Structures are given as structure tokens and as C-alpha cells.
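For reference, the chains in residue letters:
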Amino acid sequence: MNGRAIGLIGRGTALASLARAVREQPGLRLVGQVEPGALPPGADVVVCAGLYGYERVSVAAMALETGCRLAVPPLPATDERGHEALASGLVVQVSPLLGYAPLRELAERVHRGELGRRYGLFAAYHFARNAPTPVDDAFADLLHYALEALESRPVEVYARRSALWTQEADTWHAILRLEDETLVTLEVAAALPAGGPEPERLLVEATGSDAVIRAEPTRQAVVSIGRGGMTQAVPWMPEPGEGYLEAALARLERPDPPQELRGLETLRALWAAAAEGRAMRI
Amino acid sequence: MRRLRVGLIGTGTIAQSAHLPAIRRLADELELVAVADVRAEVAADAARRYGAEAWYTDYRELIARPDIDLVDICTPEFLHCEQAVAAAEAGKHVLCEKPMASTLEEADAMIAAARRNGVKLMIGHSRRFTRRYREVARLIREGAVGEVRLVRENERRPRAMYGRLDLPVGHWTPEGGRPWLASSAYSQGAALTNAVHETDLARWFTGQEAVSIYAAARITDPAGEVPDFLTYVITFAGGALAVAEIVNQLPADYPYYHMLEVVGTEGLIRAADPPMSPLEVWRPDGMAYPLNFGHLLHVDDAYRDEIAAFVRCVREDRDPPLDPWDARQALALSIAAVRSSQLGQPVLLASLEAQGEGA
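Top line first, the protein sequences correspond to chains U and E. To convert, note that position 85 of the first sequence is 85 in this note's numbering; the numbers rise steadily by one, no gaps. Heads up, this note's numbering is the position in the second sequence plus 1000, with the first residue counted as 1.
Think of the hints as simulated: they come from the structure by calculation, not from any bench. Since the structure is predicted, the reported quantities are computational estimates derived from the model, not experimental observations. Check before you lean on any hint, since a few could be wrong.
To be verified - DEER-style ranges, computed between Cβ atoms:
| no. | chain 1 | residue 1 | chain 2 | residue 2 | range |
| --- | --- | --- | --- | --- | --- |
| 1 | U | 181 | E | 1318 | 43 to 51 Å |
| 2 | U | 117 | E | 1343 | 20 to 28 Å |
| 3 | U | 275 | E | 1209 | 39 to 47 Å |
C-beta atoms are modelled at their ideal positions from N, C-alpha and C, and glycine is treated no differently.
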């Protein structure tokens, strides 16, 4: 059978959506999907979805050891294994948030210069307090998305990593000044009440002299208010796997290790800022 | 019941768009006696439009009138202390626009002057009298969301926002200079101009005092000298956080709006202006929101309620509904935001106080 051989690593709905996207895309062939800990055999490239942060690091290290080309959600930790994997060019990072069509569109419009003089980018990513998503992983995803959308190097960062609703860290706030003076404000919080009508909420707003581009992908919903409370569904939005797969394959075609390492360096500075309670120069 | 007699100082944009119309609506309780503005034609025009019997270019002449009970100060903040203290020393009750002053020393002097002279002093933080924020405060007070842990309000303003209101006057502009709001000689920028609303809301809704603030700012207006873009994180003594991103130079047709989110231990509250405003106009060259500014800020009676509340406290000899100390603390946070953005590091509020504003 012809076609590029794609292997998948992951679990849950993110993996299922990604697998559907591979099957439906002409020219691709799904050769296997496995849980973290192994590599699918016979794959030209491997794409990961639905992994916890520590798993992202371990599959990246595994790819480095075996020479496998792999796309993984952003690494939330900054250890040496991750650094080596990204430096090799074999491993690329892709934010799962690129699965949202409005966020891809926002990034593309920013790239096209629609903002005019760029002022800032504000992004808030909230999810349920009992969601399995670790806040550090979600922060890495949002940070990676923001830096990719803006394509400018951070020069100064500040961060707070707080426990606002539980005993564990459940919130990140970060402010980044980029080389071109754009100010980025990121808020990631397990803030939504457990069992509430919204499983997650995303708002990204880019501001500039000529335009404001705002994406709220989780608000494009059918809302139902009834005896059982409020529910919402997003039945017509493209499956997140499609956009994520497209971004992963594009990145694997043109790996950019210096860019990947700059992202890791930014993450390291943010962790240091959060630990020390002061802003960090990069 | 005798109407209280009011003199208004500074007949610029906030007076013409908010205070003077509100005073007119309170005609059963207030009589506008005199106005003052350094621009003679502006003062005369305001007096004619709003029925004041006298106008002055020197505010001291207004304050010297024995028949004025209450002075409403609508000048830029660098003038507030001098004018408020003078009014208090003359025995006038003082309602003063936000931000309270340019420095904490000035704010403290205003409070001391009011106490010394036994007059009421209230700072016009209009959002304390805006219905949606009062409703948010009521919900918090009643425990609807448990303990508040996170407050975020982003504010968006189009450039030349007040131009939409078709006012007879613009911001005061020194001869040969730029409007005072954009001039480093007179303004400290967005942190005081409008973020003082957000710093006040953060204290109001968390019910806590701030420990520190980290802020980053920039100048986006090519003709500006002071930051018009501000983003910050405040840490409160009880562990709550407040964040805000203030953007003041958006495209001219963009709607003015706010996005508030309050997250507590038991739930959350959102109070966002509808981004598209109550009236949308789609044109070949884009969208317009002609009623946006007037609708959101002024037609909701906030200024009328603010002035009416102050009049009641004067008549009934009660404390003002907004203690000047609260306005002073909101100012402290805004000044700390300025310092933080200059230093590139977080600023402790305690150090600001200890160092005489933490220079």
C-alpha cells in the first residue's frame, strides 16, 4: 500500500481524533497506534496526542534514541533529555491548541500582518478543576501557541504559578515582552467549577494599530438550558485532530531546532521567574 | 429642602460627557452655580450650556464664593491635590475625579485636609456606581462564588474615544504641546488614567490588600510620551490574584469594552460588555458601533448615582459610600504598576509606602 506511514502515540479522545484525521487524509497510512512506552513499528513519522507532560519528555527521549522522527505536544519540563531531542531536529513540538480552527486562523492573520503595529496578545485558557489536564502541560501548550503565532523572541518574562483553588498548583500567569516590544499575557487556570456546563474555555485576543483579532473557539457552541442545567456542544467545528495533524506534518517537514530550543529557554526562564518571584531576562 | 450649590472645576471631556449632564439630571437636589476652566471660552461655553451663573479661569475665585457648598473637581490628576485641599480649607465638600492624585503624598494631604476642615471627600470611581459592578459586588458579598481567588478585567479603548461623543471640547492641551493625557509632563499613562479602575475593582472584589504587583507597559501611540498599554499581575495578602490588560489605542472604530471575570472557590462571575455593542453597522469598509461608548459608560446612570450618593452623604452627614482611603489604595497600586514597569521587576506595596512611593 502506498502513502506516508504514520504512527501514533497517545490515548483518549485526542488520539481518536488524530487517528480519524490520518485515516481520512489522502496520501497517509496509519500503521499503528500505541500507548506511551513503545514506538509504533514501520512508521515514517510518529505523531503524539493526549500525553501527560512527563510522557511527552519520555517519548521525545525515545525518539532520539531510536532515530525516529516524532511530533509531540510541547514539553512542559526543561530537562536535558528534552533539550537533546529538540536539538537533534528529530523531534518537533506542536501545540494541541492548533487543533482549533479559529486559533490557526488567528495565527495566520497575525503572520499576514493584519494587526498593523502589534501591541499585544492576551490568552486565557481555563478548564475544569477536576479535569485530568495538568496545569503545567496546558501552560506549555498555550505558551507554544502564542510564541508561534507571534514569531518574535521573548526578551523578558515574569510568571506566577499559584494554587488558587486546591493545594496543588492550578494556575499560571505569565507576562512576556518580545523583541519587537509586543507584550504577551497568558493565563492558564483550572478555574471552571467541576461539573459545570463548560469543560473548557479559550480566549485569545491579539491587538494592534489596525485590527483586533479575537478567537473564542469554545464559545461557538449550541447552548441548552434545561432541567439538567446548562450544557453546550460544538458539533460542527472541525475535529481538532485535523488541524493538529496538518501542523505536525508541516513541522516535521521543516524542523527548526534553534526555534524549538528558544521555546525551551523561554519555558526555563518562566519556571525560574515563578520560583524566584522576579522577572527574568532572556 | 434647599438645593446644594455646586461649583465645578475643569470643564473638559469628563465634565462635559459625564459630570455636567449628571448634575443637570439632579436639578432637584443640586444647583450648578459656577464653573472654572483655564480656557476662558471653554468655561464660558460650559456655563452657558449648563446654566451656571458664573464662570472663571482661576478656580480660586470659584472656591472663594461663600455660596458654594460642594466642589466637583474634574481636572487632570496633577491638579487634584492643590484644588481639593484649597476647597476643603474653604469649607467646601469635595467630589474629585479619579485617579485621586499623582502621588500618595498628595492623596494623604487631601484626606488630611478634609478631616481637618470637617468636610466630606469622595473620589469618583464611577465603576463603584455602575450597575453591573454593583451587581457583581452584591453577588460576591452574598457568597455566590465563595472566596474570591482571581479577578481579571481587560479593558479595550479605541483611539480618540471621546471623539465619538461629539463634545464641544477635547482634552486640555498645553500650548504647543500634545493633549495632557499623552504628555509625560502631566500624565503617568494608562496605569493612572484608566487602570486605576481595575486596581480599585481588584481590591473591592477580593476584599484584600495587595502585597505586590508586576506590570509591563509600552507606548503604542507614535505621538505619545506615556504608556498607553499596560498588563499586570497583583498578588493579594490572602493569596488572591488580579490581572488586567489595558489597551487604549485600538483602531478608531473599535468598540470600547471590558471583560470581567471573578473566580471564587465555589463558582465564577463574568460581566463582559457585549463586544459588538447594542448597535452594529456593517459597511463596505468594516463595522461600526455608533452607540457603544455612550451606552456602556454614561447612559447607565453611573455618574448620576455617584454624585447623588455624595449629595446624600453631605445632606445626612454620613461617611461617603467610597472611603477616600480606598481610592488612595487603588492609586497606590497604580503608582506601583508604573514603578514596576519602569524597574522591570515586581514592586512590593510596603516598599512603596516606606520609600515615599518606592522610587
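Each hint tested on the structure:
For the hinted restraint 43 to 51 Å between residue 181 of chain U and residue 1318 of chain E, the CB-CB distance of approximately 49 Å keeps it satisfied. Distance hint check: the CB atoms of residue 117 of chain U and residue 1343 of chain E are about 25 Å apart, consistent with the given range 20 to 28 Å. A C-beta distance of roughly 25 Å is found between residue 275 of chain U and residue 1209 of chain E, which places it outside the suggested range of 39 to 47 Å.
The structure does not agree with numbered hint 3 stated previously, though it agrees with all others.
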